[in-house]
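Chemist: The listed protein sequences derive, respectively, from chains A and B. Read in our numbering, the first sequence has 46 at position 46, and its numbers run on one by one without any break. Read in our numbering, the second sequence has 258 at position 258, and its numbers run on one by one without any break.
Worth flagging that the hints you see were computed from the coordinates, not collected in a lab. Please read all numbers here as calculations on a predicted model, not as lab measurements. Fair warning: there could be bad hints in the mix.
[Said to hold, decoys possible] Footprint (simulated), chain B over chain A, 3 or more residues, beta carbon under 8 angstroms: (1) 47-59; (2) 86-94.
[What the hints assert, rightly or not] Derived pair list, reagent style DSS-like, types lysine-lysine, alpha-carbon separation capped at 27 angstroms: (3) B:77 with A:143; (4) A:79 with B:157; (5) A:72 with A:117; (6) A:143 with B:45.
C-beta atoms are modelled at their ideal positions from N, C-alpha and C, and glycine is treated no differently.
Okay, here's what each chain looks like letter by letter:
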Amino acid sequence: METEKVIRVQELTKKFGDFTAVDSISFEVTKGEIFGFLGANGAGKTTAIRMLCGLSLPTSGIASVAGFDVYKQNESIKKNIGYMSQKFSLYEDLTVVENISFYAGIYGLNDNQIREKTGLLLAQLQLEGERKSLVRSLPLGWKQKLAFSIAIVHDPAIVFLDEPTGGVDPITRREFWSMIYAASARGITVFVTTHYMDEAEYCNRVSIMVDGRIEALDSPQNLMSNFEGRSMDDVFLRLARKAQRTS
Amino acid sequence: MKQFRIFVKKEWLHIWRDKRTLFILIWMPVIQILLYGFALTNEVKNSNMVVFDQAKDEASRSIAEKISSSRYFSLYKNINSWKEIEATFRQGKIRLAVVFPRNFRYDLLHGNHAQIQLIADSSDPNTANMLSNYAAVIINDYQEAINENQKLPYTIKVQVRMRYNPELKGAYNFVPGVMALVLMLVCTMMTAIAIVKEKEIGTMEVILVSPLKPFRIIIAKTIPYLVVSMLNIISILLISVYALDVPIAGSLWLLMAESILFTITSLSVGILISNTAKTQQTAMFTAMMSLFLPTLLFSGFLFPVENMPLPLQLIANVVPSRWYFIIVKDVMIKGLGFAAVWKETLILIGMTTTLLGISIYKFKIRL
Numbered sequence: 001m002e003t004e005k006v007i008r009v010q011e012l013t014k015k016f017g018d019f020t021a022v023d024s025i026s027f028e029v030t031k032g033e034i035f036g037f038l039g040a041n042g043a044g045k046t047t048a049i050r051m052l053c054g055l056s057l058p059t060s061g062i063a064s065v066a067g068f069d070v071y072k073q074n075e076s077i078k079k080n081i082g083y084m085s086q087k088f089s090l091y092e093d094l095t096v097v098e099n100i101s102f103y104a105g106i107y108g109l110n111d112n113q114i115r116e117k118t119g120l121l122l123a124q125l126q127l128e129g130e131r132k133s134l135v136r137s138l139p140l141g142w143k144q145k146l147a148f149s150i151a152i153v154h155d156p157a158i159v160f161l162d163e164p165t166g167g168v169d170p171i172t173r174r175e176f177w178s179m180i181y182a183a184s185a186r187g188i189t190v191f192v193t194t195h196y197m198d199e200a201e202y203c204n205r206v207s208i209m210v211d212g213r214i215e216a217l218d219s220p221q222n223l224m225s226n227f228e229g230r231s232m233d234d235v236f237l238r239l240a241r242k243a244q245r246t247s
Numbered sequence: 001m002k003q004f005r006i007f008v009k010k011e012w013l014h015i016w017r018d019k020r021t022l023f024i025l026i027w028m029p030v031i032q033i034l035l036y037g038f039a040l041t042n043e044v045k046n047s048n049m050v051v052f053d054q055a056k057d058e059a060s061r062s063i064a065e066k067i068s069s070s071r072y073f074s075l076y077k078n079i080n081s082w083k084e085i086e087a088t089f090r091q092g093k094i095r096l097a098v099v100f101p102r103n104f105r106y107d108l109l110h111g112n113h114a115q116i117q118l119i120a121d122s123s124d125p126n127t128a129n130m131l132s133n134y135a136a137v138i139i140n141d142y143q144e145a146i147n148e149n150q151k152l153p154y155t156i157k158v159q160v161r162m163r164y165n166p167e168l169k170g171a172y173n174f175v176p177g178v179m180a181l182v183l184m185l186v187c188t189m190m191t192a193i194a195i196v197k198e199k200e201i202g203t204m205e206v207i208l209v210s211p212l213k214p215f216r217i218i219i220a221k222t223i224p225y226l227v228v229s230m231l232n233i234i235s236i237l238l239i240s241v242y243a244l245d246v247p248i249a250g251s252l253w254l255l256m257a258e259s260i261l262f263t264i265t266s267l268s269v270g271i272l273i274s275n276t277a278k279t280q281q282t283a284m285f286t287a288m289m290s291l292f293l294p295t296l297l298f299s300g301f302l303f304p305v306e307n308m309p310l311p312l313q314l315i316a317n318v319v320p321s322r323w324y325f326i327i328v329k330d331v332m333i334k335g336l337g338f339a340a341v342w343k344e345t346l347i348l349i350g351m352t353t354t355l356l357g358i359s360i361y362k363f364k365i366r367l
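Based on the sequences and whatever the hints tell you, model everything.
Modeler: Below is the structure:
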């Protein structure tokens with residue numbers, strides 16, 4: 001079932017009054033894929049993600065996530081996705097364990113599952129010694145990794161990461177990406193937005209949004225050869241310069 | 001339901017971890033009620049006064065003594081000239097001067113119309129009024145006493161009974177007021193801040209992506225504050241009964257039920273504020289301006305609403321605490337039953353459903 005499509009989007013559009021934030025985008029994402037969603041600030045990435053997560057209703061177009069329709073079945077979508085926002089999203093005044101069991105709990109895991117997951121997660125992150133520490137006291141890199149682990153604590157079909165590595169040092173970013181690979185190997189589809197072009201090269205496929213439209217969509221290698229760039233940076237700049245909107 | 005429980009537990013942890021806020025939440029009502037009870041009383045006690053006795057006879061002395069020994073007054077000193085009265089008033093030492101003319105007793109017994117002059121500092125008009133009334137009553141008592149053996153041809157005896165509060169204690173008025181204030185503060189401000197905080201730190205977005213229904217999130221966030229306010233009501237009632245001697249004349253259960261209703265009103269205002277406010281400061285400020293001040297000014301707690309000009313009375317009518325204040329006074333102080341407060345209760349229920357409806361509707365739109 002390698003070709004199973006977990007996200008299907010056709011001519012998805014979102015308008016705020018006269019402003020078209022997302023302009024008729026279409027793409028598909030395969031199960032287990034790491035899908036990079038690139039674009040300058042204001043290109044419409046966050047709006048697109050919000051529609052896919054069921055946080056906002058599209059103006060027109062078709063979209064299904066994990067096999068559920070975004071218009072009618074957003075409750076079912078919510079059960080099958082994980083989400084990590086731009087802003088750091090753990091509770092700083094709760095301990096590591098309390099954060100894990102809270103998020104696991106609201107996704108409906110039972111007490112046994114929560115216990116099991118907590119142990120597993122702490123072991124993976126080597127945070128056993130910090131289980132009772134307040135999240136506030138952890139270094140940013142650890143918090144970020146913890147936030148990612150918590151976003152997939154309920155084994156979702158898809159996890160949406162909205163600029164997950166903002167403000168994190170290169171080493172932690174590396175570790176973060178190895179966690180993403182591990183999740184992908186478990187069959188979790190990763191939908192990630194980023195500003196870092198080296199990270200874009202880690203993705204299986206990358207889409208580049210300019211002014212609400214998808215200007216390019218392919219694997220990083222193909223994009224680089226098609227746009228005659230030496231790196232994703234070149235490709236991105238070439239496309240993003242065409243932007244009319246200023247952010 | 002389990003998700004709901006987990007959410008409430010998390011909310012408790014937030015409150016529990018923030019010890020400073022918890023401290024304020026628990027102690028603020030206690031401190032407020034003690035402050036109003038013992039320090040900021042609007043009763044007049046032991047006001048300084050002087051006596052200028054030009055008669056120095058048996059009658060003047062005994063009236064002066066009666067006045068100065070009452071609990072409302074204390075004798076600052078006896079003085080001997082008009083000039084001195086003026087001087088002590090200017091120094092701000094006294095609030096009242098009692099002046100007896102020469103031949104006071106002679107006029108009283110033989111001329112049939114003796115005069116006493118009361119001079120009050122009416123830069124504070126209410127107090128001046130009260131003090132001169134107290135003094136006049138004492139003087140009247142004396143007059144009745146000396147007339148006791150004689151039959152006056154025509155007399156009217158006025159009998160005044162102060163119902164519900166025979167000792168005219170200020171506490172009977174401010175206990176209901178403080179209850180309204182505290183509930184408003186805890187519920188509205190704290191819930192507004194708690195919800196806006198999640199928006200600010202970015203967790204709200206993550207929770208909204210989760211399968212938890214928005215409506216449930218809101219309810220779960222308010223429940224801990226409902227519990228805290230119940231504790232506050234209990235502590236206020238305990239202090240007022242045992243420390244301030246204000247009894248609960250009516251049904252305790254009715255009082256609690258009405259308080260819960262008002263708490264829910266306040267919570268829904270808090271939710272409404274959290275829908276529009278972007279930062280915790282804005283939320284706090286909005287709560288302050290839209291509720292705390294109106295509660296102080298328009299609930300009837302400090303200023304009687306009946307005496308306000310019509311436009312202000314209309315404003316007062318939309319302040320929820322005005323109705324709660326009336327309910328608490330009726331039930332707690334006057335000992336009335338539900339039959340007396342059903343109208344106010346209905347108004348509160350109406351306000352609550354409207355507010356809750358608007359805020360939940362708006363919360364959904366935001367998604």
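Chemist: If a hint holds in the structure, say so; if it does not, say that too.
Modeler: Evaluation of the provided hints:
no., hint, in the structure
1, 47-59, "holds (count 4)"
2, 86-94, "holds (count 9)"
3, B:77 with A:143, "74 angstroms, violated"
4, A:79 with B:157, "81 angstroms, violated"
5, A:72 with A:117, "31 angstroms, violated"
6, A:143 with B:45, "62 angstroms, violated"
Violated hints, in rising order: 3, 4, 5 and 6; the structure is consistent with all others.
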